[in-house]
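Quick note, the sequences are listed as chains A and B, same order.
FYI, numbering that gives the first Met the number 0 numbers position 65 of the first sequence as 64, with every residue one higher than the one before it.
FYI, numbering that gives the first Met the number 0 numbers position 758 of the second sequence as 757, with every residue one higher than the one before it.
Hints are computed from structural coordinates only; laboratory data are not their basis.
A portion of the hints provided could be inaccurate.
[Stated by the list, open to error] Example chain B residues on the side facing chain A (calculated, C-beta under 10 angstroms, incomplete): (1) I179; (2) V436; (3) D439; (4) Q596; (5) G605; (6) Q653; (7) N731; (8) V771; (9) G826; (10) I888.
We put the CB at the ideal spot given by N, CA and C, even for glycine.
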Amino acid sequence: MEFLVASAIGVLTAGGIYLVMRLRTFPVILGISLLTYAVNVFLFASGRLVIGSGPILNRYEELTYADPLPQALVLTAIVISFGMTAVVVMIALGAYLGSSDDSVDDAQETPK
Amino acid sequence: MSLFLIVAVPFLGALLPGLMNSAGRKACAGVTFTVTLIAFVGLLSQLPAVLAGEVVQARVEWLPALGLNMNLHLDGLAFFFAGLILGIGLLIIAYARSYLARDDNMGEFFTYLLLFQGAMVGIVLSDNILLLLIFWEMTSLASFLLIGYWKHVEEGRQGARMALTVTGMGGLALIGGLLILGQIAGSYDLSVILENRDAIQASPLYVPALLLILLGCFTKSAQFPFHFWLPRAMAAPTPVSAYLHSATMVKAGIFMLARLWPVLSGTPEWFVIVTGAGLVTMVIGALIAIFKHDLKALLAYSTVSHLGLITMLLGTGTPFGAMAAMFHILNHATFKAALFMSAGIIDHEAHTRDIRRLGGLRVLMPITFVIATIAALSMAGIPFLNGFLSKEQMLEEANRTVLFGSPWLVPVLATIGSLFSAAYCFRFIGHTFFGPVRDDYPSKPHDPGAGLWLPPAILVVLVVVIGVAPFLAEPFVKLVTADVLGIAGEVPKAYFKIWHGLVPALYMSIIAVVGGFLLYLVFPPLLRAWDATPRPDAKPIFDAIIASVVAAARGLIAPTHDGAFTRYAGILVIAVLGAAYYGFVSGTVGEATRDMQPVTLIALGGWAMVVAATLALVFLHRHRLLALVLIGIVGLMVSVGFVFFSAPDLALTQFTVEVVTIILLLLALNFLPKVTPTESAPLRRVRDGGIAVVGGVAAMALSYHYLLRDPLAASISAFHVANSYKGGGGTNMVNVILVDFRGFDTYGEIIVLGIAALLIYALTETLLAGPVRRRLLNREPDQALAGDMHPMMMVVLTRVIMPVILMVGFYIFLRGHNDPGGGFIAGLIVSIAVVMQYMASGFGWASARLRYPYHGIIGAGVLIAGLTGIGSWFVGKPFLTSDFTYVRIPPFQEFELATAALFDVGVFLAVVGAVMLSLESFSRLARRQDMVDSDHPMDINPSRDDQPVEVN
Numbered sequence: 000m001e002f003l004v005a006s007a008i009g010v011l012t013a014g015g016i017y018l019v020m021r022l023r024t025f026p027v028i029l030g031i032s033l034l035t036y037a038v039n040v041f042l043f044a045s046g047r048l049v050i051g052s053g054p055i056l057n058r059y060e061e062l063t064y065a066d067p068l069p070q071a072l073v074l075t076a077i078v079i080s081f082g083m084t085a086v087v088v089m090i091a092l093g094a095y096l097g098s099s100d101d102s103v104d105d106a107q108e109t110p111k
Numbered sequence: 000m001s002l003f004l005i006v007a008v009p010f011l012g013a014l015l016p017g018l019m020n021s022a023g024r025k026a027c028a029g030v031t032f033t034v035t036l037i038a039f040v041g042l043l044s045q046l047p048a049v050l051a052g053e054v055v056q057a058r059v060e061w062l063p064a065l066g067l068n069m070n071l072h073l074d075g076l077a078f079f080f081a082g083l084i085l086g087i088g089l090l091i092i093a094y095a096r097s098y099l100a101r102d103d104n105m106g107e108f109f110t111y112l113l114l115f116q117g118a119m120v121g122i123v124l125s126d127n128i129l130l131l132l133i134f135w136e137m138t139s140l141a142s143f144l145l146i147g148y149w150k151h152v153e154e155g156r157q158g159a160r161m162a163l164t165v166t167g168m169g170g171l172a173l174i175g176g177l178l179i180l181g182q183i184a185g186s187y188d189l190s191v192i193l194e195n196r197d198a199i200q201a202s203p204l205y206v207p208a209l210l211l212i213l214l215g216c217f218t219k220s221a222q223f224p225f226h227f228w229l230p231r232a233m234a235a236p237t238p239v240s241a242y243l244h245s246a247t248m249v250k251a252g253i254f255m256l257a258r259l260w261p262v263l264s265g266t267p268e269w270f271v272i273v274t275g276a277g278l279v280t281m282v283i284g285a286l287i288a289i290f291k292h293d294l295k296a297l298l299a300y301s302t303v304s305h306l307g308l309i310t311m312l313l314g315t316g317t318p319f320g321a322m323a324a325m326f327h328i329l330n331h332a333t334f335k336a337a338l339f340m341s342a343g344i345i346d347h348e349a350h351t352r353d354i355r356r357l358g359g360l361r362v363l364m365p366i367t368f369v370i371a372t373i374a375a376l377s378m379a380g381i382p383f384l385n386g387f388l389s390k391e392q393m394l395e396e397a398n399r400t401v402l403f404g405s406p407w408l409v410p411v412l413a414t415i416g417s418l419f420s421a422a423y424c425f426r427f428i429g430h431t432f433f434g435p436v437r438d439d440y441p442s443k444p445h446d447p448g449a450g451l452w453l454p455p456a457i458l459v460v461l462v463v464v465i466g467v468a469p470f471l472a473e474p475f476v477k478l479v480t481a482d483v484l485g486i487a488g489e490v491p492k493a494y495f496k497i498w499h500g501l502v503p504a505l506y507m508s509i510i511a512v513v514g515g516f517l518l519y520l521v522f523p524p525l526l527r528a529w530d531a532t533p534r535p536d537a538k539p540i541f542d543a544i545i546a547s548v549v550a551a552a553r554g555l556i557a558p559t560h561d562g563a564f565t566r567y568a569g570i571l572v573i574a575v576l577g578a579a580y581y582g583f584v585s586g587t588v589g590e591a592t593r594d595m596q597p598v599t600l601i602a603l604g605g606w607a608m609v610v611a612a613t614l615a616l617v618f619l620h621r622h623r624l625l626a627l628v629l630i631g632i633v634g635l636m637v638s639v640g641f642v643f644f645s646a647p648d649l650a651l652t653q654f655t656v657e658v659v660t661i662i663l664l665l666l667a668l669n670f671l672p673k674v675t676p677t678e679s680a681p682l683r684r685v686r687d688g689g690i691a692v693v694g695g696v697a698a699m700a701l702s703y704h705y706l707l708r709d710p711l712a713a714s715i716s717a718f719h720v721a722n723s724y725k726g727g728g729g730t731n732m733v734n735v736i737l738v739d740f741r742g743f744d745t746y747g748e749i750i751v752l753g754i755a756a757l758l759i760y761a762l763t764e765t766l767l768a769g770p771v772r773r774r775l776l777n778r779e780p781d782q783a784l785a786g787d788m789h790p791m792m793m794v795v796l797t798r799v800i801m802p803v804i805l806m807v808g809f810y811i812f813l814r815g816h817n818d819p820g821g822g823f824i825a826g827l828i829v830s831i832a833v834v835m836q837y838m839a840s841g842f843g844w845a846s847a848r849l850r851y852p853y854h855g856i857i858g859a860g861v862l863i864a865g866l867t868g869i870g871s872w873f874v875g876k877p878f879l880t881s882d883f884t885y886v887r888i889p890p891f892q893e894f895e896l897a898t899a900a901l902f903d904v905g906v907f908l909a910v911v912g913a914v915m916l917s918l919e920s921f922s923r924l925a926r927r928q929d930m931v932d933s934d935h936p937m938d939i940n941p942s943r944d945d946q947p948v949e950v951n
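Isolated chain B, as found in the complex (with noise of 0.2 angstroms):
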């Protein structure tokens, strides 16, 4: 099977557990496993290929623009981690099918387990480290899903959080890191990356990138000082701790290191950082899950400190050390993720998982009492039994190890680490399944059916396989650290045997299995001492300093962000200012290219009147009615300038704007108070009346640079300038640019409109739906209304004058491509149109008449542009590529046809539609309970023998 279906399988899987919960949860465990299954044997189809030395390839590009693309690739150590994955993901969803409750959303708990398997399996097959960056950062997500999968559990959600942020910022470090590896090497992809090892250990850049990566790899792999998240996240159910927590996920900082081993390790740094992480961390851990009283945190300290022990070995940088890492990651996997299954299963029958309350279990529980005896036993490092041989390859490489010059230190922590380990171990049998049958047990244990012990019965199998043969794992194993090695090193010669013989590492081992069983012989004097003892707890340090930081943060944004809209304009301004005088100062200031024009008596009056208008707006802004006119006025000059520098259609469209704007603040001034209180102190006012002369100076000086000089590089105009009519049939260059080069920015920007004009009719009927109804409706006009709501002579000249403007539009618009005009002006003109009648005849005559809603006519609008644009790709071509041709039909004169028209009309379409909508849902607010809806256009006409309407 292709390698991306071994990874895309469990990603599409992961929509099926969610729609089979119907179905019950056999049939979503079913479909769950099956998923996995295929995956698994997908895998397995390409053993033959790994086994034969080869690296299994399956490379798309994605984005090589940025050097991301979907490369995977599979060797020894990606199909032995996949392995891991997907194997024992099959066992612990056989599991969690008859652990999880009836309660339980069983769907949602496989939706998320698939989507962190396919994760996973991602993770360790990418050859791309962008890609793997996605992958890891999506086992942070599916692992603060699962972990507060129990959404009543508050430990749950908490340890969720707490995982998700240790991680997640681990992640951000591991982003930082792998990016420096990748620019020293010049690629981002892994198989260049590890071909680089002179290149990147010799770069001034490595010892950054290491502490960034290695951040990642120890958050993620639960290392000290970053284990405290681990033992909080086991409130998950437990086939994720069994899964995630164990087997795999904290595997991956593991297995970061193990990939990037030949390009990071043997180093000076390395050496000391790892080594020195993973041996505090293996003997903290231990000595941490002794005193442990829930079954799961002793566990889960347990494999903090195994995680310490792996680490430890790769951190020491030699082919053995690496390979006994590799071996112990197997064993690991085995013995621990049948312990998570056998405390699970006790937690299932016996409903505690507090050890002071179990023990003689072995009579009531006979089954788990084997199952979980043997993989415990492995743990502690007993003969026969897979965890022995890899504890003895780790004694014997920290007996080799010299660490800050004392050839001591290493061996005396590890035998320490041991000892402890053994401690653990055998209370973890001793208290559970030993000791008197109790009467007090919650619930009455007894052996649970298969479907909860056979998962964990098989992987004891292979703790013992291994343990009695094994030569049946060394070849894997080696293979395996070929891969891991790389160029850096040779697989060593050493055989995996039981006896090696009366070598140091036995009496090592000796002495802290012995040990071991007398720290747990003198227990109970033990946890008094312990308890006794003040130690620093990790979520208080955690919870303090996530406070200080949401402080600092509070301290940051209460003075700036407090609500005040005029501070944030302020700060704004003044950061906008701060920055434009930190780059005018710091650029160089070309001399000026261009000659000033002479300045004509007409152009004089126009300025004149924006200055004028402006200063007048700021000063007597507080009569509303009257800032309308003045603001109508600076508008009427801004569209007279546009005419005089050359540009029509702007001008048109300005003034057209002009009119509805208008006519918006209009009716919405019909509501608002009609005068702005003085509030504001003079100090103030002086204050910001600084700021915006220094905001209009700047704007000034930076204008004024630019008019009087050319641009430095060419700009893209003279293309517009020469295909207009070539390539767009049109000699209106505006016109063309906007219906033809651009057209799919004004595609874009007609659907902006509409939905502005949507939201205006959204917020308009929520207004009308709550309280604000009745307050509108009863509302006391604060202003006397004129006599005459409809005069006659409005109504008689708006109706005459209507055909007109429309032919005015219609005109607009067919000249457009060629003339100034075009869609959005006439667009603009009849919408005025129609507004007029609104104004004259009133809301209620002219809504009577209204055929088409307005969100029809900009969704036709919108669906017009759109379709024309898609027309042609039936001729092979983009997206709205557009053409024309010319045509002649006598006795008219020859006359252009062209795509762009047809899309003119769509932007034409909802030019009208979302300027109607906006103005529609204004007028509606205005209607009030004592209106009467006429029948008729005019209140008095003389032509019509009913009584004239009374109006107040």
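Bound-form chain A, shown alone (with noise of 0.2 angstroms):
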């Protein structure tokens, strides 16, 4: 199981990298979201994983539960992301509309 998390994160970081040294806005945008999620799930995996026993407390028994810690960071980061990307698209969306031109590199210094 371990393996397959360790692996998924692995997917979407090679993902959003791939995505973010894209041209354009576009891909970008969705690498860093890429990114975003590959950066929230491995915070959420410090907390290493556990199945079946969420951090509710059981008030009548002594019981282990997941690591809460991770999941409240991870919670405010989720929120604060969704801020992040909808200022990052604005921007985007901004500079499109002002020059029709969604590419990332300044004109005169992209590489041909």
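Now that you have both chains on their own, put them together as the hints suggest.
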């Protein structure tokens, strides 16, 4: 199971990096989203993988739980990443609407 | 008055001149004068204690963990300098009042001046070297502002920049040096450092520390080869030159040398460097000064020369040298400030400072003539004036100093320096005041009002009094010297007398004065010879160094930071990978401590979907709509993964965020091209793919590695598990952490989210206000639009389901503290309910029913969360301390009331507002000219008898 999660993180990261290095804004945004998934899962996994014992306290029994701390951190990270994506999309959109060009690199210096 | 107040008064007072600016120049100067006077009187109130040999102290802990504390002390040395700063400051302020022109912004000037004054007093009173460094940097900044005060003068701006570069660089070196010193002594308190002479001089770090500190002092005090900034700082208004660049700031370096004298002096390194630099500076400064035509430039180089003299005296490392240095600081401050003010008067009245255009002023400006002549003669070393006395002491000390094994070197150079010094003094007097009265002055000179001549006159009285009756100054100078010497020496017995008998110093003095006068007599041929000699000019050298530094920076930045985002991304990834690889090979890898969990079929299925969707996304990303579908699959599977691995809250959040993100991207895609063109060459794609694969493998290896190992140290999670219910009153630990344990984090995060939404709103406003607006309004959609913009089924369904979803949101919110849910998730759910109305019934219809603007909702959310936090102050608890209780209202079950729930309401509102404001902003871009806002939710409604709206 650990291998599956690790390899999923790896695939998401690789896809994210590749798309971030594309020349147009839209794939870059997609790439950032993939990287966001990868990072969130990575952080979440720092609590190690636990199946079937969510961090909801049982008042009557002593149990072990999944680590709640990474979950709390990742929860806000997910919401913040929405805000970040929205801002990046807005900037990309503004740039495109202003110039009819959605290249991410400065025009004069784009390698031919 | 408390030492804190003495330092604080100028800083606080710096607020006043700006405020008084409109009240007139007199009020502005008056308030500045009063502020300085208060500080000065406060200082004088400590005089009895200082005279009694006490060290007045004031200590407050500021950042004790860093060793940075507000520790002030006042001993003789500090009193001496603080007295110079505030006393001369008073005269300068009075002088500046008359000097500044009507157009000059007096409030600005006095604000800078008071800031400088406070910083300078701070330097001399600091007992903590970190505190001292802060004040030190502030003097550099204030000096920068004052030199460039006349912003229209290009020389002033350049001079200010040069001064800041040189002294700022020295300041950096000084920081390094003093930090080393503090490390050796084990404390950043000066009083402790000064008691560790042996430890410091024995330390292998002594030489580096010494070099760095000297670099700081030499740049500040304009010692060779850093002397060049001072003459160029003369573009400043004359009060600044007189105050900063002769009497106070340039003495800060010398103050440091004197302050650290007990621990640094006495070693061969100190002796050779400090004495050597001082001697060279003294001779070169004096030589250049002879041939300067600008009065202020002449005085500037003479200041350089005299600073060199003082430095040399401190360098010899003997108590007598230190005493002579202190005496000369006092004397130099008096006559040099008076000379600068006189030069300012001449400039003010004759409208030129060029000595070649002056002459004969003794008849036209008799008062100025007397003042300037006495001061200049004192500087030349004529008996019965104070300059003579300290120069005698200097020559006597030089006579005993053996440098590089030669007993002649120092005395000869010192005599030559004095000779040059006498020469430029005679030239200053002769060429300005003597000779025939001319008729071609740019303006008719005459003596100014008392406002200008009184301040230098007061100083000149001091020059004469000390010169005639040196025994008056003796006890005070000796007191100061005792504090300079500290544990490292005894105050010399020598008396301050005009007549010491026929000692060698007297002969040297006579040679200097007579030789100087002879040089003055043969000045014209000398000047021709001087002009014919090639000399290096500092400015082109300085500019060349700056230019080469800039070129080097460009050389580094241009290839790496050339506007190509893809390149930055590549560099970033490769750099991170490189650092990670280094960390991996240089560390140790422990054995796996956890067992792998068995793979289930469901997990395998989910994994396969994530991998397949990601790969498909990479290969098919050019089709943008398809790409959105694919990324939706990834997000969905990640949510499922969260559920699978016991994170229900995360799954709910991820799932709802996924929905709004896709809506957002769809809105954006409405405007963007639907296809990404193929641009990059196959080779480039292979290269990027290679980097991506390496990055992915690295991320995978890292994750796999730690998933199979337990943390080396116990994490803080156990605390949260143990206290979640006991302390926070909730069983959903994730929610309790969010709203309680880490409530401050969450508070920051909702603010960030709100700012992001406002940013989007602002960008939209800007776009819609600019040229983009017209294009948007007349935009031809690039794809066929749906025939029915507001399908009836969807409208009816969303409207029916709205209360249900709101109820779900409410439920999710309420259960949040004990079960999966909470403000974040509830906020997202409610947002989706509202977004559905926009989508189904149209923007116009939905916004017409919007009662509160989304900005307000964000604000209310942040406010509620903040006020909840502040509420805990009223019961004497820190910000955001939560409390809870259980209540039972029959017939309901017992339930919990917690302040955390109120905080969660704030989170909820902020999330709703932020999400809605972002999406609404995007939708507003889509409004077109031909779009009619329908009053009706549905375009076609059989129950309505008006005509259906024509849709294209």
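Comparing the hints with the structure gives:
1. Contact between I179(B) and chain A, as hinted, is not supported at the beta carbon level, the nearest pair being about 40 angstroms apart and thus beyond 10 angstroms.
2. A least Cβ separation of about 66 angstroms between V436(B) and chain A goes past the 10 angstroms threshold, and the interface hint is therefore violated.
3. For D439(B), the interface hint is violated, the least distance from its beta-carbon to any beta-carbon of chain A being 57 angstroms, above 10 angstroms.
4. The criterion of a C-beta within 10 angstroms of any C-beta in chain A is met by Q596(B), whose closest approach is roughly 4 angstroms, and the hint holds.
5. Annotation: interface hint on G605(B) holds; nearest CB of chain A at approximately 8 angstroms, less than 10 angstroms.
6. Restraint check, Q653(B) versus chain A: the minimum CB separation of about 6 angstroms is within 10 angstroms; hint holds.
7. A cut of 10 angstroms between beta carbons decides the hint on N731(B): the least distance to chain A is about 6 angstroms, and the hint holds.
8. For the restraint placing V771(B) at the interface with chain A, the shortest Cβ-Cβ distance is roughly 5 angstroms, inside the 10 angstroms limit, so the hint holds.
9. Evaluation of the G826(B) hint against chain A yields a held restraint, the C-beta minimum of about 9 angstroms falling below 10 angstroms.
10. For the restraint placing I888(B) at the interface with chain A, the shortest Cβ-Cβ distance is roughly 22 angstroms, beyond the 10 angstroms limit, so the hint is violated.
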